[in-house]
Amino acid sequence: MKQEYIGQKIIHLSRKIDRVLGKNFSQYGLSIIQGRIISFVYRESPKGDIFQKDIEERFNIRGSSVTSVLNLMESRGILKRISAEEDGRCKKILLMDKGNELYDAVHKELIDMENLLSSGLTKEEESILMELLDKLAKTVDDSFS
1 MKQEYIGQKI
11 IHLSRKIDRV
21 LGKNFSQYGL
31 SIIQGRIISF
41 VYRESPKGDI
51 FQKDIEERFN
61 IRGSSVTSVL
71 NLMESRGILK
81 RISAEEDGRC
91 KKILLMDKGN
101 ELYDAVHKEL
111 IDMENLLSSG
121 LTKEEESILM
131 ELLDKLAKTV
141 DDSFS
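When we follow this note's numbering, the leftmost residue of the sequence shown carries the number 1, and every step to the right adds one.
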């Protein structure tokens, strides 16, 4: 019998999801992370200012990687960074009109993927899966923090 590993299954599923989203986002000229950033900034901005650090934490990626992505998105007119009034070193991230227009398409792709993933699960199974994934994430965080 073939040995199965939790991490391997999670990575395998994650790559499948990324391939589909990458293909779908590319029709809008976006990478997966650009699409996710647009969605995050759009949804979270009404709750308060969004800074680069928020994106780093939300997506668990290094500051240098976020800087590169934001530079590209800013050069394409998707978003802009402006100095925060309280601390000029911190840059607030705001979607420009182009970013707001892209949000609808990005959001649809993300919702379609969520619906696909949950379509074969009962509400109870979905709830259990979410609990188990949270538990695994906490175990990893606790072990390596």
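Errors might be hidden in some of the hints.
Claimed, not checked - Pairs of lysine to any residue residues, derived as SDA-like cross-links and limited to a Cα-Cα distance of at most 25 angstroms, are as follows:
{"no.": "1", "residue 1": "Lys23", "residue 2": "Lys47"}
{"no.": "2", "residue 1": "Lys53", "residue 2": "Asn100"}
{"no.": "3", "residue 1": "Lys53", "residue 2": "Glu124"}
{"no.": "4", "residue 1": "Lys91", "residue 2": "Ile61"}
Think of the hints as simulated: they come from the structure by calculation, not from any bench.
None of these values were measured; they are calculated from a predicted model.
Tested hints:
1. Lys23 <-> Lys47: Status violated; Cα separation ~31 angstroms.
2. Lys53 <-> Asn100: 21 angstroms, holds
3. Lys53 <-> Glu124: 34 angstroms, violated
4. Lys91 <-> Ile61: 18 angstroms, holds
Going through the hint list in order, the structure does not satisfy hints 1 and 3.
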